[in-house]
Structure formats: structure tokens, C-alpha cells
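Each chain is listed here by its residues.
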Amino acid sequence: RRASAPSGKLRVQLDWVPEPEFGGLYEARASGAFAREGLEVELVGGGPSTPVVQLVASGGADLGVVAGEELVVARARGVDLVAIYATYQSSPQGIMVHASRGLRRLEELEGGSLALDTGAPFGAFVQAKFPLSKVTIVSTDGGVAKFLSDQRHAQQCFVTSEPVAAKQAGSDPQVFTAKSLGFDSYANVVVARGEALRGGGDRARAMVRALQAGWRGYLSSPARANAQMASLNRAMDAATFAQVAEAQRPLVESDDTRALGLGAMRAGRWKALIDQLVAVKIIGADAAPKPEACFVFAT
Amino acid sequence: MSAKGSRLAGLLLPPAIGLLVLLAAFELVARLFFAREAYLLPPPSAIAKAAWQERALLASATLSTGRAAALGFVASGALGVLFAIVLASSRLLERALYPYAIALQTVPIVAIAPLLVVWLGVGPKSVVASAFIVSVFPVVTNTLAGIRAVDPALRDLFRLYGARRFAVLTKLELPHATPSVAVGLRVAAGLAVIGAIVGELVAGFAEHDPGLGIVVMTAYRQLRTDLLFAAVACSAALGIALFSIVSLGAWLWLRRWYSGAR
Amino acid sequence: MSAKGSRLAGLLLPPAIGLLVLLAAFELVARLFFAREAYLLPPPSAIAKAAWQERALLASATLSTGRAAALGFVASGALGVLFAIVLASSRLLERALYPYAIALQTVPIVAIAPLLVVWLGVGPKSVVASAFIVSVFPVVTNTLAGIRAVDPALRDLFRLYGARRFAVLTKLELPHATPSVAVGLRVAAGLAVIGAIVGELVAGFAEHDPGLGIVVMTAYRQLRTDLLFAAVACSAALGIALFSIVSLGAWLWLRRWYSGAR
Amino acid sequence: MGSRGSESGAAIALRGVHKRYSAPDGVIEALAPIDLEIAEGSFVALVGPSGCGKSTLLRIVAGLEPPSGGEVVVRDRARMAYVFQDAHLLPWRTLAGNVALPLELRGEPRSRIDAQVAEALAAVELSGFADSYPAALSGGMRMRASIARALVTKPRLLLMDEPFGALDEITRNRLDERLLALFGAQRFTVLFVTHGIFEATFLAERAIVMSRRPGRVVHDAPSALVGERTAELRGEAAFAREAHELARALERGSR
Amino acid sequence: MGSRGSESGAAIALRGVHKRYSAPDGVIEALAPIDLEIAEGSFVALVGPSGCGKSTLLRIVAGLEPPSGGEVVVRDRARMAYVFQDAHLLPWRTLAGNVALPLELRGEPRSRIDAQVAEALAAVELSGFADSYPAALSGGMRMRASIARALVTKPRLLLMDEPFGALDEITRNRLDERLLALFGAQRFTVLFVTHGIFEATFLAERAIVMSRRPGRVVHDAPSALVGERTAELRGEAAFAREAHELARALERGSR
Ligand SMILES: Nc1ncnc2c1ncn2[C@@H]1O[C@H](COP(=O)(O)OP(=O)(O)OP(=O)(O)O)[C@@H](O)[C@H]1O
Ligand SMILES: Nc1ncnc2c1ncn2[C@@H]1O[C@H](COP(=O)(O)OP(=O)(O)OP(=O)(O)O)[C@@H](O)[C@H]1O
Ligand SMILES: [Mg+2]
Ligand SMILES: [Mg+2]
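Chains as they are written, first to last, in our numbering: chain F, 9 to 307; chain C, 1294 to 1555; chain Y, 1294 to 1555; chain R, 118 to 372; chain D, 118 to 372.
Just so you know, the hints here were simulated from the structure itself, not pulled from any lab data.
There could be a bad hint or two in this list.
[Claimed, not checked] No farther apart than 27 angstroms at their CA atoms in a straight line, the calculated lysine-lysine pairs in the DSS-like style are these:
1. F:Lys17 to F:Lys187
2. D:Lys271 to C:Lys1418
3. F:Lys298 to F:Lys175
4. F:Lys279 to F:Lys289
5. F:Lys137 to F:Lys187
6. F:Lys17 to Y:Lys1418
7. F:Lys187 to F:Lys142
8. F:Lys137 to F:Lys17
9. F:Lys298 to F:Lys279
10. F:Lys298 to F:Lys187
11. F:Lys17 to F:Lys142
12. F:Lys175 to Y:Lys1418
13. F:Lys289 to C:Lys1342
14. Y:Lys1418 to R:Lys271
15. F:Lys175 to F:Lys187
16. F:Lys289 to F:Lys142
17. F:Lys175 to F:Lys289
18. F:Lys142 to C:Lys1418
Take the sequences, apply the hints, and build the full model.
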């Protein structure tokens, strides 16, 4: 009743169309890193509404790429997914305002409108932590057109995306990153079904090694993978690919990765995220997952 | 039972039974095949529970979306019929414009969301506009077809007695097209609801007075599938309500003379 | 000019002129009111330029979306008529089920996205299913209305000669309902396209060509409004193409006897 | 009410059949209780003022309308044909297709249909129009096509509701004679509503005259005319007498 | 072609009017070239076999159908009324509403409409059915309503296409007489298609007989009957002679 990859082949469900945030995956495929680990991998592009969590949980894919907070929510709802690799060490999300407003802290935001990704934990976090006065919360459409035409409009963004577009269009975006706002989460997390990892999870371990190799390769030379992704996602031009690849570098590399290797995770950081989600009531305290259960391979 | 009472029962009982059967089937499927995957398809009992727990939220969301959908729907009815009248007034005009009216329907709302927001602002007006844009085309198409199908002999009759264009319209074409307009409105009912929901997602308020679109999206993002389906049930109920109003109106209006009236 | 040639010209010239007028108006509005905000509404000339530059991308995206929309549309036509036939077979069944068919239309695709992709996989099948779900209801509604509107005297005739249910269906109800089915299909044409586009946002794309939905979405995020509108124009063209096929088919089929045929 | 034959061997037997329609302002009594037997193989004409319930009576006999009360027994309902007061052709079928319809519905093989259709069209003088659509025909031609559609089934019971009303006298007389010839050869039962007193006189072995609404039978008598009905009959004195009789009955019923 | 009066003072003048329809297999010649003048205030009957082009001719005179050639001059087209071969009532209007239609279209004030409608309905003996919808009426009643719709306009030119074909002899005769009375009082022009030879004889001052398709005029003669047309006329010998004459002409045209 469900589509599933043929045995042996691993299907990885992405949560977006091929873009630099998946650079390591495509590089691992292109460089043969997957093959060297004995893995046959199929990368499946997604769209803005692709239900990655549900697909992986129900067996429609073997692995998926989701945000850290999505994983926590899924576990809180009784879905047994486990992170094996955290591509971004911190959330790429942020709040983008016009620099002309001269804000030093987000708390100073007053009046105008703020577009948040409806229902997403980050938005709920911002709303809960910053009781912004007289700011109208609206739903974001994912674009920057309203930002360009309205000086008093602020919006949620991906630091690698909207601010770049806004700047190109001649605007003056100023970004408060999620991290700087206190929202501490891994992102671009590769997850698998918990049951698939029981019994050693040798293939998953091999997967992590291949991912690390892929990302090392991509960080040093993104051109080959970019070209491949650009051939799939022809709506994004080569210059933008290069630009974004560079912009995401600080997200991929952190003190932790330098100490523990790319993709590394620590229980303490998962705990912080879980506590935050409980605090903003996205998950109940009784349903909160254990931090250690959220991931494997601290490497 | 009185004749009137039994007639009302005959009218309301079948849909009630239909609902029960559908729900039972749904519950069975959910329990049998999605027992461990309630995040995909929760059983109606779980949905009902979630709906009860979040009844305040769902009620206000349904009201908010319902208002926008109803307004968009009314606009579709009025302007759709008007546009069809304009097109019907000349074969040339119809050929020149009608095909492009369809563009309205194929444009993803997200593509014109910025325009909507710039013109109408974030909030209810844009949501209503979205409901209108999504639901107007069936009204145009059905009305136009209804007007075109007027018996040529009746047109002759009007011509003979020197009827003006306006009289032909109001005394011949529109009365004859009413059953068709009703069909168009039936289709538009559901579309207005989905149009409002989509509109909320791109141009709606997220915080105060969130509509069903916001609830759907929130529940979806937070994997609260039972609440998600509860919200979907509310949007379906809105569609069914608009649909029923149209059906009832059409029936009251047409039953005296139209054999196809229900 | 030959009679046939001039007839063809009469058929094609008005829509061509209509297009030109619409484009000119569009260009004017864009240049007058959105000169400094081309990211909101670029003039058609700029859109055309972008379309030309990205012609390879747009062509393959249009093909990809077009294929899914066409398949979903065909499914809507076939299953929609079938469902209407089932509903028409009994007043009771109609009352019990018809109102709930509308639920299909009011359900945001995103809400059932998980079910779609889990059942049908990420990829074209889900896109086709989305196109189908979004476009089937008008076919059902119009077909049903068409069947219901059969002249009772003709039903009497069939009854008199002992016609079986199947003969009544194929020799009376369906021929009589064809004009109505055509109207339903006209509405479904545009809906199938938007359904495919929405479906692509759920299904994304694997190793196959990205469709117009993906192009719209990425162009939108990257503020390439000219490309965005070029993609929107392509989707409108798809809708118009399906619409025209229906209209042509209906005309060829109905012109011999139906005075409302165009 | 059913299609089992009556004990008396009548083709049609009505006992206390009456009909009420509900109208916006109260009910309309269309048929007063009627008792009627029509013998198998007889040719009965039904005459009465406009709106008196003739069509209603025919529809009840055909089983198209349930009576408000009373019993209807009709033999051979399976081999019945009906000519409606209006032509009621299928607009999407050619004339030939329309005439072929009852045969198709009966499951007749294609090969045999064509010849029968051609014959029936010839009988109503429409041979040249087999491939025309109804919209391209005159009113009389449409009506004739609907007669062909009834005759093509070779019915045992033929119900006709003013079939020749839209035809000129010449065509009408010719069709009258053709119908009689058919009747003579096959001896089916005919119940024939007509407005033509002469037509009724010429055709029927028995004439029934109904009163104004609510329709009652005010006159029911076998024809005094004996011998074969040929065109010459129309000139004879007995014919005129018979017609006069009928006209007076109709006049009584119309008061 | 236009509505200016002809020099001769005729209400209708046709010169070389003919009509072709395009059919699937070639063209159908419906009307052969026809020359015809109809004097103002005359009552003309038009008789001919089914499908010969009578309705077509009427439609051309009314301006509903362009002739394929020839000239049509009609005076008083603005005050013309037409009774179609079928009733063609608006199903969503009651009988009264249907009859009121031409007056509404003419912009008559509501207050004056009601009385006129009631009068017209009474003239066709439908007074009790003002509030009924067409679907609830018998065929003859519908046809009578459409006659009322034509009479209510008090036309100067009245085109009638077999208006009484669906009526029983008694009702028909009564309406014939009523029409004549109206005609006597107001002296409008009537062009009246009928299948009834006796009806044509009784009504018309002049009878035109058309041949089979393509329709030509095969007989065109003023009535020999003089004096007032009363019901008694039908029993007179002159009437029978006149009718016989017409019947023979029709027979000629039908060959
Ligand atoms: N569906 C209906 N609803 C209400 N009344 C009806 C309906 N059908 C017929 N009637 C009434 O029943 C009466 C008899 O109608 P019917 O058609 O039997 O008359 P008829 O004798 O055939 O007349 P005609 O010679 O004019 O055809 C009429 O007065 C009509 O008003
Ligand atoms: N729309 C049309 N297209 C093609 N042929 C037509 C059309 N209308 C009428 N005809 C043909 O023209 C001829 C004359 O038709 P018309 O209706 O004038 O006959 P009619 O004299 O009124 O006959 P009836 O007495 O049966 O009403 C017919 O043979 C018919 O086939
Ligand atoms: Mg009748
Ligand atoms: Mg005619």
C-alpha cells in the first residue's frame, strides 16, 4: 500500500528542492562517498508542503531531512524518528527587519507587521518570548515582496535566502538570527526510523560517514554538486547557488563540529530545544521526549 | 407523523445516515490500517475528541473563515453572473474574453498574494478577494451556458414583441439560466471555502481571529493530525452549508416550474 | 478568402485580439502604476523577455505539469461522470452522499498531503491525484444536474418501451447531459491545472523535471517576479488549452442538434 | 392494478379509476371515477373537450401515471405503443435513429432494425428524411416521425393521443386509411384520442365521449357503420348521421 | 426588405421570396419563389400539405427568418402578433404572466395589464387557470394560452400557425367564432395557417393553397361566401361547395 525503495537502496526524502543546504548529499553521491560505504542512495526532492516526517515514519522513505524542532514535535506525538546527522548546527531561521528602523534588539520592534510561518515552532517561540507591542502578526507567503514595499514590515526568514533576495532588490535587511534570539536548534537534520537503527544500525553509521565525507568535499569545493543541483533546480541560477553555499558555511561548521566532526549533536542542546518547545506549549511537558532518545551517534 | 414532518425527515434523514455510514467506514479504515499511524489518519472518534477540546478555537476560526468565504461567494455570484451577461451579449466578446477568464482559475494565489496585499492590505479583504478569485469562474461558465441554451423559439417570441436587450435579459435569459446559475453556485460554494483558506495562508492574520487556514497549517506543522482533521471537517461543513443554502434556495425558487429542481 | 478560411479567421481572430487588448492594458497598468515596483507586477514585455530566456525551463515545466494536469483532468471526467451516474441512480443515494462530495473540494491539499504521498509516493502520481481531487467536483455537479434535467416525457417514453436502467443511461441521460458535462469539464480544466500545481508543492520532484508549481515557488522566493509571471502565463495557457479542447470537442459533438453549442 | 389479463378478456379494464392533481390552490379533479372495458382487437375513439382528462386517462392506462384510486387492468402492456400529444423526439438522434429507438430498447438486432425503420418511415411519408435531425423538420413531420416510432414496434395495444392533429386533411386521411389497413391486418387494440369528429367516425368501432373536467363518460356507443371503411365511406349518409350523433354528444359533454 | 408600407396599400407584399435550408446532404428547397399581396384588413387562410413551407412563410413575413431571396414588405410590423405552431410558453411564468408578457415588453403600466390579461384569458376559456404553470396544463390549454398571448396585444397584423389544431371541434368552433367577432370589430389583417378545410372555409375571405415542398401557390381565390359568418353558415350548401373546392385544390397540391 505504500511506495518504498527497493531493498538495499536507501531513499532520502528532502524537505525542499535541491539547493545548497543539501550540498553534502549531492556531493557524496557525485564523489562516490556513498558507494565507498556500500550504500546505494536515492535523493528525492521535496516541496514546501512535503510531509517528510510522515513519509519516513510510514516507510515511504528510509531517511529524511527535517528541522530539529520538527523531530522533537514528532517524537512528542509518538512518532519514532531519530536524528543521525545534524547538517546545520544552528537554525538558519531569523527575523528580518528594515535596517532603517534602527533596531538594536528585537524587543524594540514596535508597530507595523511581522510575518511568521504559520504554526511553525520558531514563530510560536518568537511570539511567546517577545511580547511585541502593537505589532500585527500575519502569515508569511514565503516571499519578500511585501517587505520591499513596506518599511514597517518585518518577517521570518532563512538567513540564506530572503535577506539575500531583499538585498539584491536594493533593500536594507537587518537579520536577528534564531540563535541570537535564543532559539537554539539543529536544522537540516537527517532522521531515520528508530526501529531501523536497532540492532547496531551499521548502515546508518556508514551513512553518517558518507555524509561527513560529502560535506567536507562540498565545503571545500561546491562547484560539482552545485552544477548537479542546478540541473535539477533550474529556477535558481549558478551565482545564487555559489552565494548561498558560502553563506551557509557558519551554520554547517561550529565548535562542536570542529571538536566532534561534521553533523555532530549533543544531548544538552537537544534538551534545551525540548525545554523551549515545552515552554511555548507546542508540546506538553508530559509528552516531552528524552533528549538522549532524539539522536544517535554523538560521534 | 404529520405529512410535513415526514417530508422533512425524508429530506434530512438520508444525509444524516450517509454521514454516519461515512464516519463508520472512516473509523474502521483508520483503526484497521492506520492504528499505528494515527498521524496520517486519525479515527473520527479521536478527531471528535480533539474538536471538543479545541471547540472555542475551531468555532471562532470557522466563523472567521466562514465570513470571508460567504462574502467571496456572494461576490462570485453577483460578479460572475454579471460577467457572464457581458460575455453573452456578443459572440465576439465571448470569443475574445472568455478563454482568458480561465486564467483567473489557474493562477496560484501565492503568485498574486503580494498584489492582493498591496491593494487590499493584509487581512479579511485579501482573504475575501482570494475566495472570490478562486470561486468565480464556475459561476461565469454555468451562467453563460444557461443563457446560451435558451430555446431559440422563445428568443423569436421576444424579438417579435420588440423586446429590448434588458427585457430579454431579465425576462428570458436570466430566468431560463437560473438552474444553471444554481449549479455554478454549488460548485462555487466549496471553492469559496478553499479560496478563503488559501487566502488566509498568504494574506491573513495569524494572531487575532485566526481562520481555519491558520488552524490547519498550525496543526499540520505541529503534527496535531486530529486537530488538523477537525479543522478540515469544519471547512467541509462550511462548504456543505453554503452548498445547502444554494440547493435550498434553488429548490424553493425552481420547484414550481423546473422538473430538474430538487 | 475562402468561406472555410474566413470562418477559421472568425474563430481565431477574436481571442487573438482579446489577448492583445488584455496584454496592452496589462502593460499600461504595470508601467504606469508599478514602474518602481516591477517585483509586484512586471510589464508583459519583461515577462516575455524572461520567458524567452528561460524557455527551456518553462517548456519542460509546462510539459511536466501539463501531463499531470491532463491525466488528472481525464480522471475527473471519467470518474466524475461515473460518480454522478451513481448518485443519479437514486434520489436517496444522492441525498445521502452528494453533500459530502463537496468535502473533497474544501479540503486543503496540504491536509491530505501525507496520505497522498504515503499511498502514491512522492512524484507524478500524487500530482495527478491532486489535480483529480481539485477538479472532479464540478464534473459531478454538472453531470448530475444534466441528468436530472431530462424531460420527464422522454423518461416516460423509455419507461413505456421497457428500457433497462442501462439503456436509459446510455441512450437518454448521458446524451442529454452532454452539454452539461461539457460545462463541468470547462470548469474542471482550470482546476486540474491549479490542482497539479498545488500537488507539486506537496510531491516536490525527484529526478524528474520540476513542474510549474516548483518554478512558481522558487521564482517567488527569489523575487524573480518576471519568471514567476511567465510561469503563471504558462499555467494559464495550459488551462486555456484544456478548456479549448473541451470546447472544440463539445462543439463538434453537439453542433448538429444542440442550439446552445458554440 | 397490474398487467394480468382481466377475466372478461378485455384488453383494458378500468374500475372506478379517478385522478386528482394537487395544484397551488387546492386540488384539481381531472378524472371523475370511470368504469370502462375495451375489448381486445377493437378500435375505440376517445373524444372530449380540451382539458377534460383524455391525456390523463391514456397515461393512466399506459401506467405512466398512477390513478388516485380505482383499478386498472391492462393486458399486453409489454407490447404497447404510445403516441404522445407532442412528438417528443430525441433531439440528438436523426429521424431514423428516433424511430429505431423502441426496437433498440427491445434488443432487436441491428440488421433487422434498418428494414423495419425504413418501412415505418415510408408509412408516414418521411422516407427522404431518415438522416435529418428533428430540429430541421416541420411540426407535422415531427409528429409523423413519432407515429412511425410507435408503429415500428408492431404493437398489440396502441394508445394514440391526437396523433394527426397537426396534419393537413389530405395527409391525415391518408394516414387514417393506412392505420385502418394495418388494424385490419393485425387486429391490435387501439385507443385513439382525437379532436376530429369525422376522423373518429371514420376510424372507430366504438366512440367514447367525455365531459368537461372532471372527465366523465357521457356517451359510449358502438358505431352503426358496417362493412369495410374505405375512403368512399366519408361521402355516405350513414357516415354523416353517425358523425352528427357524435357531435351532439360532444356538445352535451362540453356544456 | 423592411416595414415601410407598399405603394399598393397591401399589409403584406412578397415578391419572388424563396427559401433554402442547408441540410446535411445538400440544400432543402423549402419555398419556391412566391409573389403574394395581402390586403390590409383581410382574413387569409393558408393551407397546404405537411412540410410544404407554411411555417417558413409565416416566419419570413414576421421577420424571424431571412428569405434566401426576394423582397418582403410588411406594414405594421410593430403591431404584429404571432401564434406559433407550438405553444412556447415560458415555463417559469403562470398563465397570466405568460399572457401579460407582450404588454410588459411594450411597457404597458401594470394597472392596465391585469384587466387586459383577464379578458384575453376569458376569450380562450382559461379564466380559472390564471395562476397555473404551463406544466400543469393539457396540450390544448397551453395552446389556448398562447392564443391569448397574441390577442392581448390587440394586433393590427395577426399571424397564426395552426392555432386551433390541438383543440376539439366544439372549442375550436367557439374560438373560430370569437376570432371572427374580433376581426369584424377591429378589422386587423389575419394570415391563418390551418389544416382544417372547414375552418378555412368558415373563416377566410381568401384562401391560399400551397403545393408540396418546395412550396408554391397552387390556388388563391377569394371566398364565394357572402354575408355574415355565423354558426349556421356551416350547414349551408354554399359552404359545402366552397369547402369542396378547397379540398380539391389541396388534393392537387398534395400530389
Ligand atoms: N401535472 C399536472 N398537475 C396539475 N394538473 C394537471 C397536471 N396535468 C394535467 N392537469 C390538469 O388535468 C386536467 C386534464 O388534463 P389532460 O391533459 O388529461 O387533458 P386533455 O383532455 O388531454 O386535454 P387536451 O385535449 O387539451 O390535451 C387539466 O385541466 C389540467 O389542468
Ligand atoms: N431549420 C431548418 N433546417 C433545415 N430544414 C428545415 C428547417 N426548418 C424547416 N425545414 C424544412 O423546410 C420544410 C418546410 O418546413 P415548414 O416548417 O415551413 O413546413 P410546414 O408547412 O409548416 O409543415 P407543417 O404543416 O408540418 O407544420 C420542411 O420540409 C423542413 O424539412
Ligand atoms: Mg391531451
Ligand atoms: Mg408548420
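Hint check:
1. In summary, the hint linking lysine 17 of chain F to lysine 187 of chain F is not supported, as the alpha carbons are separated by about 36 angstroms, beyond the 27 angstroms threshold.
2. Among the hinted pairs, lysine 271 of chain D with lysine 1418 of chain C is inconsistent with the structure: their alpha-carbon atoms are about 55 angstroms apart, more than 27 angstroms.
3. As the CA atoms of lysine 298 of chain F and lysine 175 of chain F are separated by approximately 41 angstroms, the hinted pair breaks the 27 angstroms bound.
4. Distance hint between lysine 279 of chain F and lysine 289 of chain F is fulfilled; the C-alpha atoms sit about 15 angstroms from each other, no more than 27 angstroms.
5. Of the supplied pair hints, the one linking lysine 137 of chain F and lysine 187 of chain F holds, its CA atoms being roughly 13 angstroms apart against a limit of 27 angstroms.
6. Restraint check for lysine 17 of chain F and lysine 1418 of chain Y: satisfied, since their Cα atoms lie roughly 21 angstroms apart, inside the 27 angstroms limit.
7. For the given pair, lysine 187 of chain F sits about 24 angstroms from lysine 142 of chain F by alpha-carbon distance, which is consistent with the 27 angstroms threshold.
8. With a C-alpha separation of about 44 angstroms, the suggested pair lysine 137 of chain F and lysine 17 of chain F falls outside the 27 angstroms cut-off, and the hint is violated.
9. Annotation: proposed proximity of lysine 298 of chain F to lysine 279 of chain F holds, straight-line Cα distance about 8 angstroms (limit 27 angstroms).
10. Taken as a hint, the lysine 298 of chain F and lysine 187 of chain F pair is honoured in the structure, with Cα atoms around 22 angstroms apart against an allowance of 27 angstroms.
11. About 53 angstroms separates the Cα atoms of lysine 17 of chain F and lysine 142 of chain F, which puts this hinted pair outside 27 angstroms; it is violated.
12. Between lysine 175 of chain F and lysine 1418 of chain Y the alpha-carbon distance is near 39 angstroms, which puts this suggested pair outside the 27 angstroms criterion.
13. The suggested pairing of lysine 289 of chain F with lysine 1342 of chain C holds, with an alpha-carbon distance near 19 angstroms, which does not exceed 27 angstroms.
14. Pair hint lysine 1418 of chain Y plus lysine 271 of chain R does not hold up; C-alpha atoms about 55 angstroms apart against a cutoff of 27 angstroms.
15. A distance of roughly 22 angstroms separates the Cα atoms of lysine 175 of chain F and lysine 187 of chain F; the hinted pair therefore holds under the 27 angstroms criterion.
16. A threshold of 27 angstroms between alpha carbons decides the hint, and for lysine 289 of chain F with lysine 142 of chain F the separation of about 23 angstroms falls inside it, so the pair holds.
17. Simply put, lysine 175 of chain F and lysine 289 of chain F have alpha-carbon atoms about 35 angstroms apart, too far for the 27 angstroms limit, and the pair is violated.
18. Between the alpha carbons of lysine 142 of chain F and lysine 1418 of chain C the distance comes to roughly 20 angstroms, so the proposed pair stays at or under 27 angstroms and holds.
In summary, the numbered hints that this structure violates are 1, 2, 3, 8, 11, 12, 14 and 17.
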